[in-house]
Amino acid sequence: MTESANARIAYPLDVAWLQRRQKKLRRRLKESLSTPPVRVAILGGSTTSEVANYIELFLLDAGVNVDIYQSDYNQFYQESVFDNDALDVFNPQVIYIHTSSVNLTSWPELTDSDSQVNDKIASTFEHFQSVWLALLGKYSATIIQNNFELPFSRPLGNIDASVTVGKTRFTHAVNEKFAEYAETNANFILHDLNYLAAWFGLARWYNKTQWYAYKYAMNSDAFPELGHSIASQIMAGLGLSKKALVCDLDNTLWGGVIGDDGLNGIQIGHESAEAQAYTEVQQYLKALHQRGVLLTVCSKNELKNAQQGFSHPDSILSLSDFSEFKANWNNKDQNIEQIATSLNIGLDSLVFLDDNASEREWVGSNLCSVVVPDIGQDVTQYIATLDKASLFELVSLSAEDVSRAAMYGHNQERQQLRREFENYDDYLQSLDMHATIAPFDELSLARITQLTNKTNQFNLTTRRYSAQEMASVMHSPHHLSLYGRLRDKFGDNGIVSVIIGTEDESTLTIDLWLMSCRVFKRKMEMAMFSELVRHARARNIRKLVGQYMPSKKNGLVSEHYASLGFQRLSEDDAGNTQWVYVLDDDPVEHALPLTIANEP
1 MTESANARIA
11 YPLDVAWLQR
21 RQKKLRRRLK
31 ESLSTPPVRV
41 AILGGSTTSE
51 VANYIELFLL
61 DAGVNVDIYQ
71 SDYNQFYQES
81 VFDNDALDVF
91 NPQVIYIHTS
101 SVNLTSWPEL
111 TDSDSQVNDK
121 IASTFEHFQS
131 VWLALLGKYS
141 ATIIQNNFEL
151 PFSRPLGNID
161 ASVTVGKTRF
171 THAVNEKFAE
181 YAETNANFIL
191 HDLNYLAAWF
201 GLARWYNKTQ
211 WYAYKYAMNS
221 DAFPELGHSI
231 ASQIMAGLGL
241 SKKALVCDLD
251 NTLWGGVIGD
261 DGLNGIQIGH
271 ESAEAQAYTE
281 VQQYLKALHQ
291 RGVLLTVCSK
301 NELKNAQQGF
311 SHPDSILSLS
321 DFSEFKANWN
331 NKDQNIEQIA
341 TSLNIGLDSL
351 VFLDDNASER
361 EWVGSNLCSV
371 VVPDIGQDVT
381 QYIATLDKAS
391 LFELVSLSAE
401 DVSRAAMYGH
411 NQERQQLRRE
421 FENYDDYLQS
431 LDMHATIAPF
441 DELSLARITQ
451 LTNKTNQFNL
461 TTRRYSAQEM
471 ASVMHSPHHL
481 SLYGRLRDKF
491 GDNGIVSVII
501 GTEDESTLTI
511 DLWLMSCRVF
521 KRKMEMAMFS
531 ELVRHARARN
541 IRKLVGQYMP
551 SKKNGLVSEH
561 YASLGFQRLS
571 EDDAGNTQWV
581 YVLDDDPVEH
591 ALPLTIANEP
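Its first residue numbered 1, the sequence shown is counted upward by one per residue in our numbering.
Among the hints, erroneous ones may be present.
Claimed, not checked - Lysine-lysine pairs mimicking DSS-like chemistry, simulated, CA-CA at most 25 Å apart:
id, residue 1, residue 2
1, K553, K30
2, K553, K23
3, K286, K304
To be verified - Pairwise CB distance ranges (calculated):
id, residue 1, residue 2, range
4, W199, S396, 14 to 24 Å
5, G491, T385, 32 to 42 Å
6, A179, S506, 22 to 32 Å
7, W199, Q429, 52 to 62 Å
8, A179, N264, 40 to 50 Å
Hint data in this document are derived by calculation from the structure and do not stem from the laboratory.
In this text, a Cβ means the ideal position worked out from N, Cα and C, and glycines have one as well.
Please put together the full structure from these sequences, using the hints given.
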């Protein structure tokens, strides 16, 4: 795949070009991937073939190999609720239910009472809920379900949105029921088809000619946008959303050049149309920051001038909002590499925001894993381009997401403290670390699932688990599961480590062992091992078997088991290794610079 082709797959989408080339693009991308495919089932309430093509295209372009199963036309209910040998054999990991307003069949009648309308809302919800429950009963899969776009017609005109029997009000009521269900079910993700249709434009969205001819529920021009949106949710579920935004300053976060125009000359605030546009950009980035996206600066500027810009009385962002701040005259690719190293995240977790086309070209050419959206030079388009690219897609929002930026801020304080010590062990002792290590519980399960599907570096097997699979592990008598939290004098790092093992007689095979990059080199892995051994002994386990499966990112843990005293059992041609640790009668003793508060 050429760079120019990859660029045209990126957002903003060139729909006409994609429609002509998507088949060839999918074939070439598929040939370039050898990783095990993610199994995605698409159960449709209308024709799904084109939607499936674009979901596949965007997943392949992101490096995610995929196999897709499609139901027969409008058989989503039957294939979910009744026996389905083909779907059983496929055993999906993700199920996308492609329904829309054409699948709402119990619209209110003008003669219906309020009670009758409420019954129709309830029965519509229960109809779809029966699909979700049937699928969850058969498969350990994540379900993605569309809500409903507004109706094609409004026989009641504008009061359709206010009277009980209005189709518009009915649609909103059903969507609210779907949203309430999504909020309380971790393995269920709601796809906001209603927003997508509104953004696309309902006048364009509905194409009755295509509906009657091909049973397309929406205009075929919307399929690339829909495929991109669903693929983004699947990637978020796989932990592939981006983590940090690297921002240029001049003409990106404010209008003008701070070094030439001075603090009073830059455009920010409400004094002009241009200033208002940059203010809205900063407000959008502030909102990303508040939900856990890390903000950093990479600017060709004098440091003092660059920092001064955030002292402007109308600036929405402040210096404290940035986890890293690079303002110098070095090439930006070099600064971005240093930012990734300092944050201890991969370059492929970064998005670079810059109004300068030559800088975007330079960074995109030299750091191919960094995403560089083509935001152009029109500030009024920056938000739309970044927002619709769905680079920071979420499948849920946890308290730890909201506090993530603060956690990384505390890491900067820890690094500053580290420079005050000559001896690393003395530094660790000074952190006053306290770990809580316990079996999985209901309260922590959502964060455990999220961490599992986002952690790539310290991850021995990089296996992914759905919320339903995690719940099964928690309740299984044949599994041993532990999670670890770590706090120190700077703050709480939250849940940072997870171990899952399968017990077979007196042997425990470790299926999953991961740890957040936030706590690398803090001896948390030793604390987890000590607790793993303690719990294993309590269950009369005599042998631990560990597995290491190499990936593009987890090379740093290739010798993890060796460092703990495991003996290598085997290694295959792909570099997969197996290790064993025999538990004798002497307890494992490790000098740890932290206190463990454990639970039996």
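Status of each hint after checking the structure:
1. K553 - K30: 21 Å, holds
2. K553 - K23: 30 Å, violated
3. K286 - K304: Holds: K286 and K304 sit about 22 Å apart, inside 25 Å.
4. W199 - S396: 14 to 24 Å: Since the Cβ atoms of W199 and S396 sit about 23 Å apart, the hinted range of 14 to 24 Å holds.
5. G491 - T385: 32 to 42 Å: Taking Cβ atoms as reference, G491 and T385 lie about 34 Å apart, which means the hint holds.
6. A179 - S506: 22 to 32 Å: With Cβ atoms ~48 Å apart, the hint is violated.
7. W199 - Q429: 52 to 62 Å: 54 Å, holds
8. A179 - N264: 40 to 50 Å: Check passed, 46 Å falls within 40 to 50 Å.
In this structure, the hints that do not hold are numbers 2 and 6, in rising order.
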